[in-house]
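There are 2 protein chains.
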Amino acid sequence: MTTDPTPSPVTFRTARRDDLARVVELIADDAIAARRTGELGDEHHAAFAAIDADPNNELVVADVGGEVVGVMQLTFVPGISRRGATRLLVEAVRVDSRLRGQGIGRAMMAWAHERGRERGASLAQLTSDKAREDAHRFYRSLGYAQSHEGFKLPL
Amino acid sequence: MTTDPTPSPVTFRTARRDDLARVVELIADDAIAARRTGELGDEHHAAFAAIDADPNNELVVADVGGEVVGVMQLTFVPGISRRGATRLLVEAVRVDSRLRGQGIGRAMMAWAHERGRERGASLAQLTSDKAREDAHRFYRSLGYAQSHEGFKLPL
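Chains as they are written, first to last, in the numbering used here: chain A, 160 to 314; chain B, 160 to 314.
Derived from the structure by calculation, the hints contain no laboratory data.
Check the hints yourself; a few may be wrong.
One copy or two, it doesn't matter: identical chains are merged, so the pair holds either way.
What the hints assert, rightly or not - Listed next, the in silico EDC-like pairs over lysine to aspartate or glutamate satisfying Cα-Cα at most 16 Å (straight line):
(1) 289 <-> 250
(2) 311 <-> 213
(3) 311 <-> 250
(4) 311 <-> 288
(5) 289 <-> 189
(6) 311 <-> 189
(7) 289 <-> 184
(8) 311 <-> 201
(9) 289 <-> 177
(10) 311 <-> 211
(11) 311 <-> 226
(12) 311 <-> 217
On a predicted model such as this, the values are computed, not experimentally measured, just so you know.
Produce the entire structure from the sequences given, and follow the hints as far as they go.
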């Protein structure tokens, strides 16, 4: 009478420095991102310190049974547009590729939106590489409007 | 023997509180943005204070002959992706509609990129409503890759 084991719940917390190697691994585990993320190095440590020191940035990890299975960065941006709306920017959203399709990404985004509301943001925004069509479907399924073009320029 | 007067040079500075009414006017002077920006109110003052207090946000105005003719918001976002790159986010870029086509927008963006480099950003990014095709042409002409889809969700 055994059934599938109940999956462990996903919990969320701010990333610690000892999560950084795993976070870099998650961010790089992707055909599009691998070439530009690299292996854990000094520049990632410096970036972690900058995020950690900035009250408007939160690097959040998703934990299942003690293992980090996802990561995302939340940035709160005050602005004049839209009647002085604070925006929640969501960047670097990644779920362990072995665990996709289990609702972890959906749980992460729900948590991000709740955190955004808690901090007074009235708009969430994100961009996604034009090649990531699965991600686009996913964001549309969460109610996001695919209303903008995203531009990038190396400085 | 008179010729066209030489146009006054564009100068840039951080917005002051007494620029706010003009900034809101510029942001709202646009068919797409007017309905969602509104008239100057308390919420804009609160947003101005939040931007002013955050070292990673700069509200910048373009001044020609003592008149504010453009505005943009620069946000510096530390991140783990792309080898720990700091990103320069450019939002709410507006030029006085009577003065378009005179290179003011181009001067603003050049200034933004220089400021980004000064602060260690290695990537500039922005999004633009899919309806703003002139803006898309403009950003592509500056070298931006139109590589991403932009998503927004009210919270």
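Out of the numbered hints, which ones does the structure contradict?
-> 2, 6, 7, 8, 9, 10, 11 and 12
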